[in-house]
Amino acid sequence: MSDATILLLVASFLNALILSSMYILLGLGFTFLFNIMGILNFAHGVIYMIGAYICFILATTVGMNPWLAMLISVIAMGLFGIALERFVFRPFLGDINLIIVVCIGIITVLKNAVSVSQTYNVQMTPPFVQGTIKVGIVSLSRERLVIFFIGVALLILVLLFINKTKQGLQMRAVAQDKEGAILQGINVNFISALACVIACALAAVAGSLMGSYLTVNPYMGDDIMIKVLEILVLGGIGSINGVLFAGLIVGVMDAFLPIVVSGTQTQAIMMFVIVIILLFKPQGLFGKEVRV
Amino acid sequence: MGLITATRDLMKRRKNITQIFIFGALICLLAFVPLITNSPYNLHIFILTLIYIIAAASLRFIITSGQIPLAHGAFMGLGAYVSGVLSKHFGVTPWITLIVAALVAMCIGTLISFPFARLKAFYYSMISLFFGVGMLQAIESMGKLTGGITGITAIPTLFSSASKVPYYYCFLALTLISLFILYRFEVSRIGWNLKAIDQSYLVAGSVGISVVKYRVLAVAVGCFFAGLAGGMYATYNVTVSPVSFDMTATLWLIIYVTIGGMGNFAGPIIGTLVLFLLPKYYSGLKQYTPFISAAILFLVLYTFRNGLASIPGLVVSFYKKRRKVKTRIDNS
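Keeping their order, the protein sequence lines are chains A and B.
Here the first sequence is numbered in the numbering used here, starting from 1 and rising by one per residue.
Here the second sequence is numbered in the numbering used here, starting from 1 and rising by one per residue.
Take the hints with a grain of salt, since some may be wrong.
[What the hints assert, rightly or not] Coverage of chain B stretches by chain A, computed from C-beta distances (three or more under 8 Å per stretch; other residues unrestricted):
1) 126 to 132
2) 176 to 189
3) 228 to 238
4) 286 to 299
[As the list claims (entries may be wrong)] Think about it this way: if two alpha-carbon atoms lie no more than 30 Å apart in a straight line, the pair counts; the simulated DSBU-like pairs of lysine-lysine are:
5) K178/A with K144/B
6) K324/B with K281/A
7) K281/A with K286/B
In case anyone wonders, no lab produced these hints; they're calculated from the structure.
C-beta atoms are modelled at their ideal positions from N, C-alpha and C, and glycine is treated no differently.
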């Protein structure tokens with residue numbers, strides 16, 4: 001193998017890991033909302049985009065430290081999550097088709113708010129960390145490694161939160177049986193709001209990091225939303241293991257396929273692969289029977 | 001007693017006569033639109049409205065069977081591309097390509113809906129979304145034939161004159177025919193079976209309605225008219241690009257249907273008319289149109305969940321209830 005091939009493979013591998021961790025962060029938020037409130041939040045991609053924009057504007061126009069900008073963006077999107085749960089999701093709980101329509105309304109408002117007020121130039125959030133690390137012949141950007149480690153750390157934290165803390169266990173109880181949880185004295189509205197806050201905050205983290213890794217534009221939410229939906233459907237909606245596994249598959253395909261074919265062809269091939277997998281296994285790889 | 005039934009009959013007949021009168025008046029009004037407005041821009045808006053009315057009404061027809069397809073914009077795009085490619089690269093007249101576009105969309109819709117028909121609620125929505133996006137990206141990646149991201153330009157037009165008036169009349173006729181066919185489907189046995197499947201596919205299946213068959217039928221009819229609308233768009237607009245048919249296009253179609261009301265045949269027509277014609281009255285705020293549309297959507301969702309088309313029914317039932325209470329008081 002020549003040096004160029006090794007460089008390409010290492011870079012693609014790191015790309016795959018970063019993309020996977022970001023997809024998984026978004027997919028976990030989506031899964032929380034689905035398990036606890038029974039809603040499909042199609043607006044998750046737009047929330048990610050808004051998180052990226054808040055971080056971008058604070059870091060460039062206001063001139064803040066990127067880390068501080070990311071923190072503010074996460075807090076802002078967390079508060080937005082509370083409002084979302086109270087005023088948008090709660091009135092429509094139970095009707096899955098109406099929720100889809102409500103999410104379409106949110107997508108329209110937020111995406112147009114950004115595309116009316118912002119320019120279409122190629123723009124990025126300033127890097128969180130600068131410099132490179134040299135390992136043998138391969139030089140890795142420090143920022144990519146940091147993004148990857150943040151993604152993995154957050155994943156572990158979220159998994160610990162669900163499995164070890166009281167609120168996490170309450171969440172799992174609500175996901176299992178809502179009425180039973182109410183009878184046990186669990187405040188379901190509080191748990192729903194908590195799930196919304198976590199989902200929106202994770203989306204904001206992913207958005208801020210991807211804003212410096214890729215570019216910031218009003219349409220970044222659409223692309224990643226389709227990726228996240230692919231992961232969810234492939235892994236089985238509502239299954240956390242499924243999100244982890246399918247996220248890795250889609251991230252690897254996303255990073256390695258463009259070496260062989262062009263960008264749009266990659267998307268088309270992935271779509272059809274997933275459609276074909278689902279025809280034979282409609283519940284996804286890890287999914288249970290569908291509750292309607 | 002006899003007097004009451006006689007008056008009730010008379011009122012019922014009068015209601016029928018008024019309905020026919022209203023429809024006749026509306027069609028006459030629509031026929032005179034080109035004479036009233038002579039600016040081409042206004043006519044352009046009307047023509048686009050007609051095209052999107054067909055697309056929204058066909059989307060609603062699929063929704064009556066209880067599944068929300070998120071690929072409808074892509075099927076419209078498929079129709080537009082088939083029509084555009086055939087008339088530009090193969091020299092077929094646009095009149096024939098319109099029909100071919102509709103048929104191709106119907107065939108592909110039918111083929112995919114056989115395996116998709118056993119998926120439930122949101123799984124159907126998501127997989128149709130993937131299929132739509134994948135289909136559009138496959139079209140986009142066909143390079144020379146479809147022109148990639150820039151799309152096809154200079155597609156042959158239906159009429160040689162530059163005026164938009166013939167388009168208006170032609171598309172008005174096509175829209176009325178399409179709506180008539182969809183309405184006949186809706187009030188026939190097929191329509192009732194679809195509504196039964198929507199309410200409970202288990203019960204519908206147990207009384208002998210073939211769920212798969214009727215769902216496939218609904219998708220086939222819906223995709224046919226989506227392809228027709230796409231073909232009309234291609235021959236009228238002359239250029240076709242993937243941007244006009246991406247996920248956003250589907251989402252807008254769903255917004256039209258929801259604002260008008262999913263449960264009512266007039267819903268998509270009213271929704272499309274409101275959202276297309278309203279922006280003409282605040283032309284200074286053109287760039288804020290999506291916000292105003294979304295505001296209308298949320299207003300409708302929070303106040304009248306069954307859409308704008310359900311308001312007359314609500315008003316009528318309100319007065320009927322009042323009258324009933326009044327007569328009860330009078331009798332006692």
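Status of each hint after checking the structure:
1. 126 to 132: holds (count 5)
2. 176 to 189: As far as the segment 176 to 189 of chain B goes, the hint is violated, because 0 residues have Cβ atoms under 8 Å from chain A.
3. 228 to 238: violated (count 0)
4. 286 to 299: holds (count 8)
5. K178/A with K144/B: violated, 55 Å
6. K324/B with K281/A: violated, 55 Å
7. K281/A with K286/B: Not OK: K281/A and K286/B at ~46 Å, beyond 30 Å, violated.
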